[in-house]
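4 protein chains.
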Amino acid sequence: MNMEIGKKIWAIAEGYIPAWSNGPGREFVSHEAACILNANDTEAHLQLTIYFSDKEPVGPYKITVPAKRTLHLRFNDLKEPQPIPLGTDYSSVFVSDVPVVIQHTRLDSRQDANALLSTIAFAQ
Amino acid sequence: MNMEIGKKIWAIAEGYIPAWSNGPGREFVSHEAACILNANDTEAHLQLTIYFSDKEPVGPYKITVPAKRTLHLRFNDLKEPQPIPLGTDYSSVFVSDVPVVIQHTRLDSRQDANALLSTIAFAQ
Amino acid sequence: MNMEIGKKIWAIAEGYIPAWSNGPGREFVSHEAACILNANDTEAHLQLTIYFSDKEPVGPYKITVPAKRTLHLRFNDLKEPQPIPLGTDYSSVFVSDVPVVIQHTRLDSRQDANALLSTIAFAQ
Amino acid sequence: MNMEIGKKIWAIAEGYIPAWSNGPGREFVSHEAACILNANDTEAHLQLTIYFSDKEPVGPYKITVPAKRTLHLRFNDLKEPQPIPLGTDYSSVFVSDVPVVIQHTRLDSRQDANALLSTIAFAQ
Chain C
5 MNMEIGKKIW AIAEGYIPAW SNGPGREFVS HEAACILNAN DTEAHLQLTI YFSDKEPVGP
65 YKITVPAKRT LHLRFNDLKE PQPIPLGTDY SSVFVSDVPV VIQHTRLDSR QDANALLSTI
125 AFAQ
Chain X
5 MNMEIGKKIW AIAEGYIPAW SNGPGREFVS HEAACILNAN DTEAHLQLTI YFSDKEPVGP
65 YKITVPAKRT LHLRFNDLKE PQPIPLGTDY SSVFVSDVPV VIQHTRLDSR QDANALLSTI
125 AFAQ
Chain A
5 MNMEIGKKIW AIAEGYIPAW SNGPGREFVS HEAACILNAN DTEAHLQLTI YFSDKEPVGP
65 YKITVPAKRT LHLRFNDLKE PQPIPLGTDY SSVFVSDVPV VIQHTRLDSR QDANALLSTI
125 AFAQ
Chain R
5 MNMEIGKKIW AIAEGYIPAW SNGPGREFVS HEAACILNAN DTEAHLQLTI YFSDKEPVGP
65 YKITVPAKRT LHLRFNDLKE PQPIPLGTDY SSVFVSDVPV VIQHTRLDSR QDANALLSTI
125 AFAQ
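Protein chains in written order, with my numbering: chain C, 5 to 128; chain X, 5 to 128; chain A, 5 to 128; chain R, 5 to 128.
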């Protein structure tokens, strides 16, 4: 199904990538993700800005989500213009050229059993 | 009480069924659920489409929620047109013929103690 | 501060009280809560209806939240018209006579380490 | 990027700082946080009021978030007009002079493995 669902501006006020991990492989690496659904039949181009507590924002990070695809973007994987430091408070704002839906998830595996959080992001 | 509460279009951008589980019985099987409340006095008919990161969407899955009932739909249980693969990123869009309320929950029991996440889905 | 913040109709589509618990005392009993903030300077009177997957809704449960107070209502504690069965899927709808804010939380202590989920409820 | 994103009034109906903790250092202290993103190019001034179940609200707590910064405010750290008691139900309302985005997070480390919850707050 091709649908114009979502909004073009999203914010996630919480952001923190735990600095270490327990458990086997990439799936248990402590991480934060922005799950981005692009249900349109055209590619989505997003610009992501990261805000910190004590320094200037960094960005834009450029993200592309193909038509009718989802991208579970790990903040850990961002490289350009610079990686996000671990163990650091941040927030994020996404601006897209077509409507998308964004949900925030963290997997924290610093202790023996992992912990999860998730919430729909704030849309404007 | 009979109420027209909710919306007809819902999206869940996060989706991931952990590939394994710890703990006794169905209640501790790692799963994702869409909890669908139909508070109307007429049956709700929903069409669910699943979006992936690297292939065409699959659907529609057809879901019925009786009048004045809730359905805690496990994505793990979907069969037609095809099961959702485990350990795979996805997103979902629900289109209903009457207003409903949808909330997303995951139980992850891959490690010794389970982890939970939940969020209200995105409504349009 | 006295503020008219919130909405009068709220729904929580997810509902499930785990059937057992680990850990000392009331604070570690597996439970679900609806946290209700009444920031008004008048008492809030709510009617709560519980929806099930396979039987008629039950209610109304009558709930009072004093002016400028919060009530973290445990579904486990509901008695009249009848307790909510453990280990059972349900949903809930709240109708208030003044605006309130409702957030849903579950503590699941069935395994050695507890798990938490929370989300803002759906407002209409 | 400088953006006017967010709302000026936010509420978090859930509030509870667990009374004890496991794990090393400040990062594993059981805590609740309100993550506040101020994406504007002017400083944000917020007034926070805390509501309880059985006594008068306390506040305002005065909070400043610099322009284009995020503040992950731990409720545990609030001092003036008075600290928030541990193990106590509360709710919070934030009023800002410029639009901000607020997300609620709890880390509960009372048991061997920590638990997390998070949700976007309620905006008005």
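Calculated directly from the structure, the hints in this document are not laboratory data.
For every residue, glycine included, the Cβ atom is placed at its ideal position computed from N, Cα and C.
Do not take every clue at face value.
Claimed, not checked - If you want the footprint, here are the derived chain A segments under chain X, 3+ residues with CB under 8 Å: (1) 70-82; (2) 101-114.
Claimed, not checked - Straight-line C-alpha distance at most 27 Å; calculated DSS-like pairs for lysine-lysine: (3) A:LYS11 <-> X:LYS11; (4) A:LYS11 <-> R:LYS83; (5) A:LYS83 <-> X:LYS66; (6) X:LYS12 <-> C:LYS12; (7) C:LYS11 <-> R:LYS11; (8) X:LYS11 <-> C:LYS12; (9) A:LYS12 <-> X:LYS12; (10) A:LYS83 <-> R:LYS59; (11) C:LYS59 <-> R:LYS66; (12) R:LYS59 <-> C:LYS12; (13) A:LYS11 <-> R:LYS11; (14) X:LYS12 <-> C:LYS83; (15) C:LYS12 <-> A:LYS83; (16) A:LYS11 <-> R:LYS12; (17) R:LYS83 <-> A:LYS12; (18) X:LYS11 <-> A:LYS12; (19) R:LYS66 <-> C:LYS12; (20) C:LYS11 <-> X:LYS11; (21) X:LYS59 <-> C:LYS12; (22) X:LYS83 <-> A:LYS59; (23) R:LYS12 <-> C:LYS59; (24) X:LYS11 <-> R:LYS59; (25) R:LYS59 <-> A:LYS66; (26) R:LYS66 <-> X:LYS12; (27) C:LYS11 <-> X:LYS83; (28) R:LYS12 <-> C:LYS11; (29) A:LYS66 <-> C:LYS11; (30) C:LYS11 <-> A:LYS83; (31) R:LYS11 <-> A:LYS12.
A quick look at each hint next to the structure:
1. Coverage of the region 70-82 of chain A by chain X is violated [criterion: at least 3 residues with CB-CB distance below 8 Å; count 0].
2. For the region 101-114 of chain A, the assignment as covered by chain X holds, since 4 residues bring a beta-carbon within under 8 Å of that chain's beta-carbons and 3 suffice.
3. A threshold of 27 Å between alpha carbons decides the hint, and for A:LYS11 with X:LYS11 the separation of about 16 Å falls inside it, so the pair holds.
4. Simply put, A:LYS11 and R:LYS83 have alpha-carbon atoms about 31 Å apart, too far for the 27 Å limit, and the pair is violated.
5. For the proposed pair A:LYS83 and X:LYS66, the alpha carbon gap of about 37 Å is over 27 Å, so the pair is violated.
6. About 20 Å separates the Cα atoms of X:LYS12 and C:LYS12, which keeps this hinted pair within 27 Å; it holds.
7. Between the alpha carbons of C:LYS11 and R:LYS11 the distance comes to roughly 16 Å, so the proposed pair stays at or under 27 Å and holds.
8. Restraint check: the Cα-Cα separation between X:LYS11 and C:LYS12 comes to about 20 Å, which is no more than 27 Å; the hinted pair holds.
9. A C-alpha spacing of about 20 Å is found between A:LYS12 and X:LYS12, which places the hinted pair at or below 27 Å, so the restraint holds.
10. Restraint check for A:LYS83 and R:LYS59: satisfied, since their Cα atoms lie roughly 25 Å apart, inside the 27 Å limit.
11. Distance check on the hinted pair: C:LYS59 and R:LYS66 sit about 22 Å apart at the alpha-carbon level, within 27 Å; holds.
12. Between the alpha carbons of R:LYS59 and C:LYS12 the distance comes to roughly 42 Å, so the proposed pair goes past 27 Å and is violated.
13. A distance of roughly 16 Å separates the Cα atoms of A:LYS11 and R:LYS11; the hinted pair therefore holds under the 27 Å criterion.
14. At roughly 39 Å between alpha-carbon atoms, X:LYS12 and C:LYS83 are farther apart than 27 Å, so this suggested pair is violated.
15. For the given pair, C:LYS12 sits about 45 Å from A:LYS83 by alpha-carbon distance, which is inconsistent with the 27 Å threshold.
16. Between A:LYS11 and R:LYS12 the CA atoms are separated by roughly 17 Å; this keeps the pair inside 27 Å, and the hint holds.
17. Pair hint R:LYS83 plus A:LYS12 does not hold up; C-alpha atoms about 33 Å apart against a cutoff of 27 Å.
18. Only pairs whose Cα atoms come within 27 Å are accepted, and X:LYS11 paired with A:LYS12 is accepted, the gap being roughly 17 Å.
19. In summary, the hint linking R:LYS66 to C:LYS12 is not supported, as the alpha carbons are separated by about 32 Å, beyond the 27 Å threshold.
20. Between the alpha carbons of C:LYS11 and X:LYS11 the distance comes to roughly 16 Å, so the proposed pair stays at or under 27 Å and holds.
21. The hinted pair formed by X:LYS59 and C:LYS12 meets the criterion: a straight-line CA distance of about 24 Å does not exceed 27 Å.
22. Distance check on the hinted pair: X:LYS83 and A:LYS59 sit about 25 Å apart at the alpha-carbon level, within 27 Å; holds.
23. Proposed proximity of R:LYS12 and C:LYS59 is supported: the alpha carbons are some 24 Å apart, at most 27 Å.
24. Using a Cα cut-off of 27 Å, the hinted pair X:LYS11 and R:LYS59 is violated, with the two alpha carbons roughly 37 Å apart.
25. About 22 Å separates the Cα atoms of R:LYS59 and A:LYS66, which keeps this hinted pair within 27 Å; it holds.
26. A hinted pair counts as satisfied when its Cα atoms are at most 27 Å apart, and R:LYS66 with X:LYS12 does not qualify at roughly 41 Å.
27. The straight-line distance between the Cα atoms of C:LYS11 and X:LYS83 is roughly 31 Å, outside the 27 Å bound, and the hint therefore fails.
28. Between R:LYS12 and C:LYS11 the alpha-carbon distance is near 20 Å, which keeps this suggested pair within the 27 Å criterion.
29. A hinted pair counts as satisfied when its Cα atoms are at most 27 Å apart, and A:LYS66 with C:LYS11 does not qualify at roughly 38 Å.
30. In summary, the hint linking C:LYS11 to A:LYS83 is not supported, as the alpha carbons are separated by about 42 Å, beyond the 27 Å threshold.
31. For the given pair, R:LYS11 sits about 20 Å from A:LYS12 by alpha-carbon distance, which is consistent with the 27 Å threshold.
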